[in-house]
Amino acid sequence: MSTRLIYFAWVRERIGKPQEDVELPAGIETVADLLRWLKSRGEEYEHALQYPDVIRVAINQEHVEHREKISGAREIALFPPMTGG
Amino acid sequence: MPGAVVPTVRIQAEDFDVAAEIARMTQGRADIGAVVTFSGLCRDEAGRLAALELEHYPGMAEAEIGRIATEAVHRWPLQGLTAIHRHGRIAPGENIVLVVAASAHRQAAFEAANFLMDYLKSRAPFWKKEHHTDGSQGGWVDAKEADDEAASRWKQAVPKRN
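Note that the protein sequences, when read in sequence, are chains X and L. If you read the first sequence in this note's numbering, its first letter stands for residue 1, the second for the next number, and so on. If you read the second sequence in this note's numbering, its first letter stands for residue 1, the second for the next number, and so on.
It should be emphasised that the hints constitute simulated quantities derived from the structure, not laboratory data. Heads up, some of the hints might be wrong.
Stated by the list, open to error - To spell it out: a stretch of chain X is covered by chain L in this simulated footprint if at least three of its residues, at any positions, have a beta carbon under 8 Å from a beta carbon of chain L; those stretches are:
#, stretch
1, 57 to 65
2, 71 to 85
Unchecked claim - Which bits of chain L does chain X cover? Going by a derived footprint, with three or more residues having C-beta under 8 Å, they are:
#, stretch
3, 48 to 60
4, 116 to 123
5, 126 to 136
To be verified - Here are some of the chain X residues that sit facing chain L, going by a computed Cβ distance under 10 Å:
#, residue
6, Ile-6
7, Phe-8
8, Trp-10
9, Arg-12
10, Glu-13
11, Pro-52
12, Val-54
Note that this is a predicted model, so its numbers are computed, not measured. Cβ atoms here follow ideal geometry from the backbone N, Cα and C, with glycine treated the same way.
Build out the structure end to end from the sequences listed, making use of the hints.
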């Protein structure tokens, strides 16, 4: 099953695309695992995810912590801390 | 709480009319004693800022503000609650965000509007990018720790979510 990854603000700019569909390799169980795997995919990912602790994540459009399991996620979004309002 | 109102949440590129939003909430009823509105506007930062560009996460922006607003109507006895957030390019002096809260007495309306704004700033998926008057791109606005702290002060005595 492929998972849709969506990026916003400087995460999107640094990775260089607004979204992509990926096949997650076995062993990627949590958000933290996903960030670690993505970071290893190339220079642009390394640049975007250099400080994984600051990256906010939403699964199926709801905020989650990095320890959250990602099984069954259709849509995972990665973005910087929010600055609306 | 029986009869908690259903909040109105809109995410839109176009401007909003504060008076029209108040009228929409109060018209045809006589039980509302207090209406509090908060408008957030784009500042020019002493002439440095040409515009803000607001990026948002379509779908989640509505859902997240809806979740915060639903918590507010369960926490305070409100007779109406509206939240409108704009996206896209916004020039100094223009509106960015509106909250309208109505209740029988002022305290609930003040507190609910304040709560909604505090949570919206730290949880609604919007990001501001600055464009400068000298033509340079100012980059993404940094999140303020003070905004997270403002939201966390409401955590005491927050009723458990169902």
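Counting residues of the stretch 71 to 85 of chain X whose CB is closer than 8 Å to a CB in chain L, do you get three or more? As far as the stretch 71 to 85 of chain X goes, the hint holds, because 8 residues have Cβ atoms under 8 Å from chain L.
Within 8 Å of chain X (C-beta), three or more residues of the stretch 116 to 123 of chain L: It holds, with 5 qualifying residues against the three required.
Verify the interface restraint on Phe-8/X: the C-beta must sit less than 10 Å from at least one C-beta of chain L. Cβ of Phe-8/X sits 6 Å from chain L, so the hint holds.
Residue hint Val-54/X, partner chain L, criterion CB-CB below 10 Å: 9 Å, holds
Verdict on chain L covering the stretch 57 to 65 of chain X, where coverage means 3 or more residues with a C-beta closer than 8 Å: holds (count 4)
Is the coverage entry for the stretch 48 to 60 of chain L by chain X consistent with the three-residue Cβ rule at 8 Å? With 6 residues close enough to chain X, the hint holds.
For the hint on Trp-10/X, just tell me whether its beta-carbon gets within less than 10 Å of chain L. 5 Å, holds
Closest C-beta approach of Ile-6/X to chain L relative to 10 Å, hint status: 7 Å, holds
Quick one, is the Arg-12/X hint okay against chain L at 10 Å, beta carbons? Hint holds; Arg-12/X Cβ to chain L Cβ min 8 Å, cut 10 Å.
Please check whether Glu-13/X passes as an interface residue: C-beta within 10 Å of a C-beta belonging to chain L. 8 Å, holds
Pro-52/X as an interface hint toward chain L, with CB separation required under 10 Å: Since the shortest Cβ distance to chain L is 16 Å, the answer is violated.
Quick check: the stretch 126 to 136 of chain L, covered by chain X? Criterion 3+ residues, Cβ under 8 Å. holds (count 4)
Hint compliance for this structure: hint 11 is the single one not met.
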